[in-house]
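For reference, the chains in residue letters:
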Amino acid sequence: MIKLIEKIEGEATLDFNFKDEKIEFVDIKFNSTRGVENILKGKNALDALVINPRVCGICGHAHLIATVKALESCYKDIKISKKAEIIRELTLNFELIHNHFKWFYLTLFPLFGFKQEVLKASYASQLMGKAIATFGGQYPHTSYAVVGGVVCDVTSMDIVKIHSYIDETIKFFEKNVIDVDVEKFILCDNVDMALNSEGDLPKILKEIYEKEWLELGKSYDRFIVFGGNSYFKSGKSHKTRVSKKLPFEYVKEEKNKSSYAKNVSFKDKYYEVGPLSRAMLKKIPLIKDSHRRYGDSILSRILARVCEMAQLLNHSKALLKELDISEASYIEPQVDISKISASGVGAVEAARGSLIHKVELEEGKIKNYEIITPTQWNLAGGSRENQGISQKAMVGLKDEKIAELVFKTFDVCSVCTTH
Amino acid sequence: MKKLKVLWLSALSCNGNTHAFFNYPNLEYFLDNFEFIYHPVIDSEYSLEDIVCKDIECDILLVEGGISDDFLRANTPILDIIKKYAKKVKKIVSVGTCASFGGIFKGGAYNDVTGLFFDEEKKIDRLEEFRDKAINVSGCPVHPDILVNTLFSIKQELKLKLDNLLRPKEYFAYSIHNGCTRNEYFEYKVDNHKFGELEGCMFYEHGCQAPFTHGSCNKILWNEVNSKTRAGLPCMGCTEPSFPRENLFSTKKNMGIPQELPLGVNKRTYLTLAGITKAFTIERLQKKLIDD
Amino acid sequence: MTPKKRQKYEAIIQKSLELFASKGFYNTTIPDIANSLKMSVGNMYNYFKSKDILAKEIIQYISVYLGQKIKEINEEDISTKEKTTKIIKMYFETASIKPEMIDYFLRIYLSNREVFVDSCQGMICVNEFVTEIMIYFEEGVKCGELRDQDFFSAFGLFMGYLGGMVFLKGENILPKELDEYVEDISNNIYKALSV
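Line by line, the protein sequences give chains A, B and C. Taking this note's numbering, I'd label the letters of the first sequence as residues 19 to 437. Taking this note's numbering, I'd label the letters of the second sequence as residues 348 to 639. Taking this note's numbering, I'd label the letters of the third sequence as residues 155 to 349.
Calculated directly from the structure, the hints in this document are not laboratory data. None of these values were measured; they are calculated from a predicted model. You may find that some hints are simply not true.
[As the list claims (entries may be wrong)] Under the rule of at most 20 Å between Cα atoms (straight-line distance), these lysine to aspartate or glutamate pairs were calculated in the DMTMM-like manner:
1. B:K600 / C:D302
2. A:K97 / A:E388
3. A:K59 / B:D459
4. A:K47 / B:D417
5. A:K133 / A:D33
6. C:K162 / C:E172
7. A:K138 / B:E571
8. A:K357 / A:E340
9. C:K330 / C:D302
10. B:K614 / C:E226
11. A:K21 / B:E396
12. B:K614 / C:E172
13. B:K625 / C:E226
14. A:K40 / A:E388
15. A:K385 / B:D492
16. B:K401 / A:E24
17. A:K179 / B:E544
18. A:K21 / B:D492
19. A:K138 / B:D390
20. A:K61 / A:E388
21. A:K357 / C:E229
22. B:K634 / A:E380
23. B:K506 / B:D492
24. C:K296 / B:E593
25. A:K419 / B:D492
26. C:K345 / C:D272
27. A:K189 / A:E135
28. A:K21 / B:E593
29. B:K614 / C:E254
30. A:K21 / B:D397
31. A:K133 / B:D417
32. A:K97 / A:E350
33. B:K614 / C:D231
[Unchecked claim] If you only want the chain C side, here are some residues facing chain B, beta carbon under 8 Å, derived:
34. V271
35. S273
36. Q303
We put the CB at the ideal spot given by N, CA and C, even for glycine.
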């Protein structure tokens, strides 16, 4: 049976194959691509900073930051000020938080039979949009991070303003989502405790307990994070094994016969990317507890995504304090990009997981560009013998509605997956 | 109060307009006045398959994204879905530059990408019979205020004045340059802009298209707080049929003279004024705005 | 300005140019100019409040005159190569018919900058002329005939060359008349500026 999945920044179809009334294999198809990598070919390198955010309307900022990092890695020697690094990290954090709010209230709520909370989603995500725009001019689709830094200067009043957006978002998050103090929530190391309040998160968690969905949606229990920064730790983990070295040459993209989503593997293995992976590598107490009890199930995945909002809000406040506005926002590169012939890679953590951009420049023009999105890691289909992350998570379920829920806990974004 | 029924379709797009719309500050008020029979993110009474198969009442059709003969939604050519609703609606609003003029995904995976009524600035006849219902609210993405206020004006049956590219003049008669905080550096031809500073104008070196791009980005700010040019990022001309041009971070000049000049200003006038202002040194504009 | 006044205004400029050329700028006084026009000094001051103002208005007068001539050439539907020849021809013709005008432009305006520093900042007094040269260059690049480069690199080459020739002519060093050099010089300048 084929089910059209929509309201995911485009659409996908899930073709469910049952055996003994249980899902045996789900053929995941993304039916369209815009061919962004081809559009980039032959263009001036810096034009990628304008084109790439348009890969995606909901996580375009991550594409911008990945692009600028990929271009900067083409330089032998380039200086980026600490200030610019912090500002870039902040705006990316804000985008992640904004994404998670939308996913939580627009996607997850209806999946649990609750009414979509449009106004809650928009209120919080708008605050984060304002914070990005204060630095970047607008959200979505700014190109404010350029090779050498960021285009904006920052005044102390901007900092005051951004502080207020973060605080207001924290207040909203505490009041609506978790019903406890963020500080307390971050220190919480027990899933049972997270249940004991009246917020919207406990509301969802209680449903999971009541419906006995605790073990739902388990996959390979393999996690990978490429975009380490001042908060996220890069590396991969499987059970208790953790390794930090992730050479990009082991990342392999493969065309898919029936779908425009190319699947992607590391050393020929599929890995889950996203908040759960980040929490596992960062050893977030609450998520470790959930994982210890229920593995890489939807509970852990949902909890990780919500928990990440709290962590990032808190971390952003700390980052903002580190910002020294007397530093330069932009340091002009010594070599003009039109003289650069080299290859580069940029990896960042986007809302849905690791996003990798690879670029090959010839005298400042783009000869080749490759975008590997988080949703490819999680959602692109593998074969029956070697199933992809989300495919594996749906195997054995009886009901395709529940399978859709599992699928959407990865936070699906169709436009990114095929780009 | 009767709500107007709106269908929001996504064609070949990044869904950036959907998310820009989500930044409209008074969404509750909007939803009191309009009802989405389908929207890419907001829950609706009907599924996309219902939209395709059933006969559903609709007042306004919104399309985001470029159009191609081969592009399908719910296994149906997008053009068929558009035509089905174009017949019954009062107005067809092309949301964003892709739907208006073709936009950024031309030259990608589909080779016939256009807007609904235009291929760049050229009129096309894909939906010619419905041209009298068409309104373009271009921008990559659309500014939420422009979209929402256009929809309210349809609801209130106001007669909108449109420009030759079918954009509401109230928003597109302005240039992006209007209201930019860097205006003085432009007016007095202080041309040493560097990225990362509050000072300077990006028109001379860094490709800013604000003086010759139609729109209201500096009149109604983005996310209610800022604009690209205020932040220090050149205007990329994203409301125009030519978007995206090539070499977006540098100004095309011939013998030092910018090839594109402010809207409606002839070259002789521009050069004469530039020559005069360049003759003077305005100290205030030579130093840091906020100094010690 | 009434037509009669305009006529007088232009006569003053013309006479001043001649006197400046023959006696030198500093050796010429307002009474000198008034006398040679059979005007009272008082009336003279009705037209120009000071010698500095006169000096400035003369340069503007020349700029407008030359600018207008180049504008006519710029507006013709001809190639940049042809425009180059026509502009040079016009310039040399002016230098032959009104040597005092070009002389003023080259010697007085450019070598007595202190006179012009307050009221003629930058190129403000020669705006009309420079604007037309800019348009000539810009259109040449746009249609693909001229090489894109910094404006002043091109402007210096163009003006330096023409100025040098007029200077040599003024010093009676040139063996031939200026117009006999038009073809060669046009070729040289065009070659130097073209792609």
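Enumerated hints in conflict with the structure, sorted upward: 2, 5, 8, 9, 12, 13, 14, 15, 18, 21, 22, 25, 26, 28, 29, 31, 34 and 35
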